[in-house]
Every structure is written in structure tokens, then in C-alpha cells.
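Asks: One-letter residues, chain by chain:
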Amino acid sequence: MADAPNSPGPSPRPYGRPLSPHLQIYRWPITMAASITHRVTGVALAAGTLFLAWWLIAAASGPEAYALFARLAGNLFGEIVLFGFLWSISFHLLNGIRHLAWDAGYGFKVPTAKLTAALVYAGSLILAIAVFAVGIMVRRGLGT
Amino acid sequence: MNARLRTPLAKIEGLGSAKSGTLHFWHQRMTAVALVPLSIWFAASALAYVGAEQGAVATYFAEPVNAVPMFLFILASTYHMSLGLQVIIEDYIHKEGQKIAALMLNRFAAWAIGAASSFALIKMALQ
Numbered sequence: 057m058a059d060a061p062n063s064p065g066p067s068p069r070p071y072g073r074p075l076s077p078h079l080q081i082y083r084w085p086i087t088m089a090a091s092i093t094h095r096v097t098g099v100a101l102a103a104g105t106l107f108l109a110w111w112l113i114a115a116a117s118g119p120e121a122y123a124l125f126a127r128l129a130g131n132l133f134g135e136i137v138l139f140g141f142l143w144s145i146s147f148h149l150l151n152g153i154r155h156l157a158w159d160a161g162y163g164f165k166v167p168t169a170k171l172t173a174a175l176v177y178a179g180s181l182i183l184a185i186a187v188f189a190v191g192i193m194v195r196r197g198l199g200t
Numbered sequence: 062m063n064a065r066l067r068t069p070l071a072k073i074e075g076l077g078s079a080k081s082g083t084l085h086f087w088h089q090r091m092t093a094v095a096l097v098p099l100s101i102w103f104a105a106s107a108l109a110y111v112g113a114e115q116g117a118v119a120t121y122f123a124e125p126v127n128a129v130p131m132f133l134f135i136l137a138s139t140y141h142m143s144l145g146l147q148v149i150i151e152d153y154i155h156k157e158g159q160k161i162a163a164l165m166l167n168r169f170a171a172w173a174i175g176a177a178s179s180f181a182l183i184k185m186a187l188q
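If you read the sequences in order, they're chains D and Y.
Residue numbers for the first sequence follow the working numbering, so the first one is 57 and each next one is one higher.
Residue numbers for the second sequence follow the working numbering, so the first one is 62 and each next one is one higher.
Everything labelled a hint here was simulated from the structure, so no lab data went into it.
Quantities reported herein were computed from a predicted structural model and do not represent experimental measurements.
Positions of the beta carbon are idealized from the N, C-alpha and C atoms, including for glycine.
One or more hints might be untrue.
Stated by the list, open to error - Partial list, computed: chain Y residues near chain D (C-beta under 10 Å): (1) 112; (2) 122; (3) 141.
Stated by the list, open to error - Calculated Cβ distances over 12 Å to all of chain D for the following chain Y residues: (4) 66; (5) 69; (6) 84; (7) 125.
Next comes chain D alone, as it looks inside the complex (with noise of 0.2 Å):
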């Protein structure tokens, strides 16, 4: 943490002074992990940006490049990231639409925060494995 703007700066914390918890202290409330989610799903997102332009990129590039990232993305690493990326994408809509009530005034109240949270993750879950299993009958269907 960045020292107060008014601290004479930066200097070792004095021997037995008390420090202020921090993460592995505190007893995880489902809000507190929602709001940590949506942050660590949005960074996760954002590395999968870089698949979608890799996916654009062979496809505009020719069936040889594309048979290569179809090849690399087909086996079971890229199976689990396109899950993953699917449960991001869920959490993060979902939780997002949470924030956007939030700042519209609604869902403040301390039960109703932790209902929508919960909601959250249920709907994110329920959501990835279903489209999930969607995309592998859509696969089976093209006989691929």
C-alpha cells in the first residue's frame, strides 16, 4: 500500500507496531468475493482478447492458418479455456449487471448484496456449463 499523501514517506515499520489486517484475515463475506471475481473474470477476459484476434486473424488469413489455431484450440488445454472463458464472460455479464442496478440506485441492501451475489454465481455457473454443452452438440453435429 502507498503511504498517506500527508507521511513523511516511506520507512520501516517500527518493531510490534499493530498492522492492519489484510486479505488472509479477514472472513471472505460472498460480496467481498463477488467484487473480487468480477475483477480477476474481467483480467482473465482480457487475456482472452488476444485469442479472439488470434481466431479472427487465422480466419481472415486462409484455411491453412486456420486448420493450426482449430488444431491448437481442439485438444483438452483448449478445452479448458474456452470454459473458462465462457464462466468469465457469464460471471462478468451477470455481476456487471449487478453494478449497473447499483448504479441506478437499487440492490444496496446488505441481504439483497448478498442474494445477487449468490444469484451471481449460481446464473454464472449454470450459464458457462450450458453453453458449454450447446458448442459440443454443436460440434457433434458438424461431425468434427
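Based on the hints, put chain Y in the right spot on chain D.
Replies: Relative to the frame of chain D, chain Y by itself:
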């Protein structure tokens, strides 16, 4: 409220520690709202073309009705991404030089990813 107690907008614009905090907040929300339908559309499109041949994907994006939403998705998502990562950098990097370097790199990366994706898309759209 008494008009004399209000600060004229022109006098407060660009002030505050970040100079443009409200603009950042507002753009983050605008792109968030735009991305609700766009990301659902994108997920559905990507899903339909997982495992498809290159020709099928190129044909899909040759249609303006598919290329235009994809272009909007690229613009909104890379801009939303750069705004979000900016907040994370400002939260966790406190050394001024490192922070400025990271903020620059963040914008460069967003533009590079957005430009590369858009170029590939336009190439397919105009084929």
C-alpha cells in the same frame, strides 16, 4: 438551490486528482451497457462456429449483418478492457514511473488488439 451556490460546469471540468474521473466512469458504464447485447450475440456466434471450417467463418463475417455487430463488439470490448485494466493498474502500482509505463502499455495493447482484430474482420468483410 441558490444559483450562486452552484459551481459552473465549465469551472470544474478537468479538475480533481484524475482530471477526468467522471468521463472514465461514464464511458465504462456506456460500454458495459453496449456489451450486454453485443457479448451475448458474440457468444452465440462463436458457439455456432466452433469447429467449423475457415470458409464458413469467413462467409459469416462477409455478411454486413454479422460484420457490423462484430466490429462494435471489438470496439466496445477493447475500450471497456482498457478502462478496467487502467483502474487495476492505478490501484496496485504506486511508483509513478512504473505506473505511467503500465498505463501506456495498457492503452497500446488495447489499440493493438483492437486494430489487429478489426483489420482481420474487415479483410473478411470485404472479400
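Asks: Beyond 12 Å from chain D, beta-carbon-wise, is residue 84 (chain Y)?
Replies: Check passes; 15 Å lies beyond 12 Å.
Asks: Against chain D, with CB atoms and a cut of 10 Å, does the hint on residue 112 (chain Y) hold up?
Replies: OK, holds: residue 112 (chain Y) within 10 Å of chain D, min 4 Å.
Asks: Report holds or violated for the interface hint on residue 141 (chain Y), using the least CB-CB distance to chain D and a cut-off of 10 Å.
Replies: Hint on residue 141 (chain Y): holds, closest Cβ of chain D at ~9 Å, below 10 Å.
Asks: Should the interface hint for residue 122 (chain Y) be scored as holding, given a Cβ-Cβ cut-off of 10 Å against chain D?
Replies: Since the shortest Cβ distance to chain D is 7 Å, the answer is holds.
Asks: Residue 69 (chain Y): least C-beta distance to chain D exceeds 12 Å?
Replies: holds, 26 Å
Asks: Per the stated criterion, does the least C-beta distance between residue 66 (chain Y) and chain D lie above 12 Å, as a non-interface residue requires?
Replies: holds, 24 Å
Asks: Is the nearest CB of chain D more than 12 Å from the CB of residue 125 (chain Y)?
Replies: holds, 16 Å
Violated hints for the displayed structure: none, as all numbered hints are satisfied.
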